[in-house]
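**Student:** Could you build all of it, start to finish, from the sequences and the hints given here?
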Amino acid sequence: MAKVATKPKAPAKKTKAKAITVAMTGNAGCALAMKQINPDVVAAYPITPQTTIVEEFATYVANGVVDTEYVNVESEHSAMSACIGASAAGARVMTTTSSQGLALMWEELSIASAMRLPIVMHNVNRTLSGPINIHCDHSDSMGARDMGWVQMFGETAQEAYDNTIIAVRIAEHEKVLLPVMIMHDGFITSHAIDRFDVLEDDVVKEFVGEYEPKQALLNVDDPKTFGPFAMPAYYFEQRRQLRAALDGAKDIVLKVSKEYGKLTGRSYGLFEEYRLDDAHIAVVVMGSTAGTAKYVVDQARAKGMKVGMLKVRLFRPFPSAEIAEALSHLKAVAVMDRADSIGALGGPVYMEVKAALYNSKKRPHVQGYVYGLGGRDTGPDQIETVFDDLKKVARGVESPREQVTFLGVKE
Amino acid sequence: MAEKTKMKWNIKDIENWGWKKVPMGATIQEAGNAAYYKTGGWRTEKPVVDKEKCTNCLICWINCPDASIMVNDTKMEGFDYDHCKGCGICAKVCPPKAIEMQPEGGED
Ligand code: SF4
Ligand code: SF4
Numbered sequence: 001m002a003k004v005a006t007k008p009k010a011p012a013k014k015t016k017a018k019a020i021t022v023a024m025t026g027n028a029g030c031a032l033a034m035k036q037i038n039p040d041v042v043a044a045y046p047i048t049p050q051t052t053i054v055e056e057f058a059t060y061v062a063n064g065v066v067d068t069e070y071v072n073v074e075s076e077h078s079a080m081s082a083c084i085g086a087s088a089a090g091a092r093v094m095t096t097t098s099s100q101g102l103a104l105m106w107e108e109l110s111i112a113s114a115m116r117l118p119i120v121m122h123n124v125n126r127t128l129s130g131p132i133n134i135h136c137d138h139s140d141s142m143g144a145r146d147m148g149w150v151q152m153f154g155e156t157a158q159e160a161y162d163n164t165i166i167a168v169r170i171a172e173h174e175k176v177l178l179p180v181m182i183m184h185d186g187f188i189t190s191h192a193i194d195r196f197d198v199l200e201d202d203v204v205k206e207f208v209g210e211y212e213p214k215q216a217l218l219n220v221d222d223p224k225t226f227g228p229f230a231m232p233a234y235y236f237e238q239r240r241q242l243r244a245a246l247d248g249a250k251d252i253v254l255k256v257s258k259e260y261g262k263l264t265g266r267s268y269g270l271f272e273e274y275r276l277d278d279a280h281i282a283v284v285v286m287g288s289t290a291g292t293a294k295y296v297v298d299q300a301r302a303k304g305m306k307v308g309m310l311k312v313r314l315f316r317p318f319p320s321a322e323i324a325e326a327l328s329h330l331k332a333v334a335v336m337d338r339a340d341s342i343g344a345l346g347g348p349v350y351m352e353v354k355a356a357l358y359n360s361k362k363r364p365h366v367q368g369y370v371y372g373l374g375g376r377d378t379g380p381d382q383i384e385t386v387f388d389d390l391k392k393v394a395r396g397v398e399s400p401r402e403q404v405t406f407l408g409v410k411e
Numbered sequence: 412m413a414e415k416t417k418m419k420w421n422i423k424d425i426e427n428w429g430w431k432k433v434p435m436g437a438t439i440q441e442a443g444n445a446a447y448y449k450t451g452g453w454r455t456e457k458p459v460v461d462k463e464k465c466t467n468c469l470i471c472w473i474n475c476p477d478a479s480i481m482v483n484d485t486k487m488e489g490f491d492y493d494h495c496k497g498c499g500i501c502a503k504v505c506p507p508k509a510i511e512m513q514p515e516g517g518e519d
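For the protein sequence lines, the chains are D and E, in the order given. At position 259 of the first sequence (counting the first as 1) the number is 259 in the numbering used here, and the numbers step up by one without a gap. To convert a position in the second sequence, counted from 1, into the numbering used here, add 411.
Hint data in this document are derived by calculation from the structure and do not stem from the laboratory. Quick caveat: nothing in here was measured; it's all calculated off a predicted structure. Among the clues, some could well be false.
Under the rule of at most 30 Å between Cα atoms (straight-line distance), these lysine-lysine pairs were calculated in the DSS-like manner [claimed, not checked]:
{"hint": "1", "chain 1": "E", "residue 1": "K423", "chain 2": "D", "residue 2": "K224"}
{"hint": "2", "chain 1": "D", "residue 1": "K224", "chain 2": "E", "residue 2": "K432"}
{"hint": "3", "chain 1": "D", "residue 1": "K214", "chain 2": "E", "residue 2": "K419"}
{"hint": "4", "chain 1": "E", "residue 1": "K431", "chain 2": "D", "residue 2": "K214"}
{"hint": "5", "chain 1": "D", "residue 1": "K224", "chain 2": "E", "residue 2": "K419"}
{"hint": "6", "chain 1": "D", "residue 1": "K175", "chain 2": "E", "residue 2": "K431"}
{"hint": "7", "chain 1": "D", "residue 1": "K175", "chain 2": "E", "residue 2": "K419"}
{"hint": "8", "chain 1": "D", "residue 1": "K255", "chain 2": "D", "residue 2": "K354"}
{"hint": "9", "chain 1": "D", "residue 1": "K255", "chain 2": "E", "residue 2": "K431"}
{"hint": "10", "chain 1": "D", "residue 1": "K262", "chain 2": "D", "residue 2": "K205"}
{"hint": "11", "chain 1": "E", "residue 1": "K432", "chain 2": "D", "residue 2": "K250"}
{"hint": "12", "chain 1": "D", "residue 1": "K224", "chain 2": "E", "residue 2": "K449"}
{"hint": "13", "chain 1": "D", "residue 1": "K258", "chain 2": "E", "residue 2": "K431"}
{"hint": "14", "chain 1": "E", "residue 1": "K423", "chain 2": "D", "residue 2": "K175"}
{"hint": "15", "chain 1": "D", "residue 1": "K214", "chain 2": "E", "residue 2": "K423"}
{"hint": "16", "chain 1": "D", "residue 1": "K255", "chain 2": "E", "residue 2": "K432"}
{"hint": "17", "chain 1": "E", "residue 1": "K496", "chain 2": "D", "residue 2": "K224"}
{"hint": "18", "chain 1": "D", "residue 1": "K250", "chain 2": "E", "residue 2": "K431"}
{"hint": "19", "chain 1": "D", "residue 1": "K214", "chain 2": "E", "residue 2": "K417"}
{"hint": "20", "chain 1": "D", "residue 1": "K224", "chain 2": "E", "residue 2": "K431"}
{"hint": "21", "chain 1": "E", "residue 1": "K432", "chain 2": "D", "residue 2": "K214"}
**Tutor:** This is how it looks when you write it as structure tokens:
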């Protein structure tokens with residue numbers, strides 16, 4: 001309710017930036033964010049469904065609206081290698097990929113993190129072959145989950161745009177200095193036209209600031225050796241330090257997201273809780289399916305069911321303690337993975353959540369679901385069946401399933 | 412071999428540094444440190460010079476790929492065994508055959 005001001009207010013301190021509402025695909029939003037960031041170097045190779053990001057960005061380069069050195073490479077292996085070289089040289093570097101492209105970057109991914117290079121990369125989620133398939137699931141980025149990169153998943157085109165800008169500040173933060181991988185769902189978010197708000201170029205420029213590398217190959221006044229060989233006497237300490245840096249990134253994700261929230265009015269945390277406070281049962285999801293889950297939660301709430309949702313935004317580092325706390329009051333939780341960890345207990349998010357809860361005094365029953373592999377549609381009906389299952393577990397009618405459930409697979 | 416000026420980066424006891432102290436990204440903080448890495452242990456044969464035969468022509472010094480011929484005041488003074496790999500090039504190029512390659516491990 002608007003209140004009538006009784007006395008004239010001093011002009012409000014201008015904290016929020018002007019919002020420009022656009023209708024664009026998620027990928028166009030990411031390309032726009034890259035244009036506004038104006039990185040020094042982009043080395044990328046096209047791959048569906050990421051291609052339209054590099055395509056649009058290449059147009060910005062060709063039109064001279066960015067100062068970026070755009071390196072056309074012959075593969076993703078070379079793309080990430082070029083990014084590593086440029087980042088070690090002291091440049092602000094971005095790239096984008098998907099699926100097999102990410103797989104081809106494999107050996108460089110862990111070199112980028114071990115060398116503590118703040119490269120920002122979109123991985124537009126597409127399933128890994130085979131059989132070859134260009135549609136969405138999270139198997140590509142999940143394969144890279146132990147590579148020492150910060151990993152953030154976005155639900156919408158708005159989040160894909162916002163995360164691009166936020167990621168630069170996280171990666172380059174002196175307490176982090178790690179590569180950041182930002183995800184949004186292939187085709188669902190990447191190619192669908194969405195309505196969202198963007199910032200003015202100057203606002204983004206000011207928010208990301210100038211990148212001043214802590215150490216740089218091209219700083220001839222302070223020459224150093226980058227990427228040396230580390231014998232058993234040195235390797236382990238490097239990995240331990242890397243682990244500390246990645247764990248520490250959690251606080252910086254919160255800090256930068258909060259600052260971005262002040263600027264835009266869009267606040268992001270480590271995860272999003274949706275009608276979770278007084279819920280008895282809930283689903284944990286990541287990516288665009290969170291939107292469908294919110295719809296199902298609203299429908300169920302309208303019928304008086306106490307259901308909620310938790311959407312994981314930051315997957316690496318995994319905010320275990322915070323998620324365990326957020327779920328502790330529930331009776332039963334279903335974790336929905338858009339990737340299978342074949343041969344393991346279930347999907348990757350399921351295993352993280354279950355492990356996070358194990359030592360908690362108060363913990364809900366947890367069961368795992370794998371859904372939407374290779375772009376299989378996940379409609380409200382599938383999430384409704386998950387809530388139906390959870391109701392039975394919460395009431396004690398059924399015991400929680402030990403085996404992971406495959407949602408929407410043809411038996 | 413001329414003594415290298417001391418590094419500014421103090422690497423004393425570096426093998427025992429803890430994970431909070433090791434440089435970020437394994438970066439070696441100062442350039443020009445190869446002299447500190449003793450690679451002579453790879454050698455299976457070592458060059459030995461007979462100064463009676465040596466004419467100080469310094470052809471060995473020009474050809475040694477490892478800068479391991481020690482020279483002082485234009486005189487050939489022997490070998491830097493901390494870095495000499497025992498490749499035998501010096502012995503091969505020496506005009507008066509003043510350098511002999513001897514197997515390692517046979518003597519102290
Ligand atoms: S043996 Fe090879 S490395 Fe050793 S001094 Fe002779 S040329 Fe140099
Ligand atoms: S090449 Fe032979 S003669 Fe010439 S300086 Fe070397 S050891 Fe002496």
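**Student:** Would you mind confirming whether the straight-line C-alpha gap from K496(E) to K224(D) stays at or under 30 Å?
**Tutor:** Between K496(E) and K224(D) the Cα gap is close to 26 Å, so the pair holds against 30 Å.
**Student:** Straight-line Cα separation of K224(D) and K431(E) no greater than 30 Å?
**Tutor:** holds, 19 Å
**Student:** Straight-line Cα separation of K432(E) and K214(D) no greater than 30 Å?
**Tutor:** With a Cα-Cα distance of about 16 Å, the restraint between K432(E) and K214(D) holds, given a limit of 30 Å.
**Student:** Hint check: K224(D) vs K419(E), CA-CA at most 30 Å. Holds or violated?
**Tutor:** Holds: K224(D) and K419(E) sit about 13 Å apart, inside 30 Å.
**Student:** Quickly compare the C-alpha distance for K432(E) and K250(D) to 30 Å and report which way the hint goes.
**Tutor:** holds, 22 Å
**Student:** Is the straight-line distance between the alpha-carbon of K423(E) and that of K224(D) 30 Å or less?
**Tutor:** Since the Cα atoms of K423(E) and K224(D) sit roughly 18 Å apart, the hinted pair holds (cutoff 30 Å).
**Student:** Regarding the pair K214(D) and K417(E), is the alpha-carbon distance no greater than 30 Å?
**Tutor:** Measuring from Cα to Cα gives roughly 24 Å; hence the hint holds.
**Student:** With the threshold set at 30 Å, check whether the alpha-carbon distance from K423(E) to K175(D) stays at or below it.
**Tutor:** holds, 26 Å
**Student:** For the pair we were handed, K175(D) and K431(E), check the Cα-Cα distance against 30 Å.
**Tutor:** Answer holds: K175(D) to K431(E) is near 13 Å, not above 30 Å.
**Student:** Given the hint that K250(D) pairs with K431(E), does the C-alpha gap stay at or below 30 Å?
**Tutor:** holds, 19 Å
**Student:** Just to be careful, I want the Cα atoms of K224(D) and K432(E) compared with a cutoff of 30 Å; is the pair within it?
**Tutor:** holds, 17 Å
**Student:** Hinted pair, alpha-carbon criterion (30 Å max): K255(D), K432(E). Please report holds or violated.
**Tutor:** Judged against 30 Å, a Cα distance of about 26 Å means the pair holds.
Every hint, counting from the list given before, is met by this structure.
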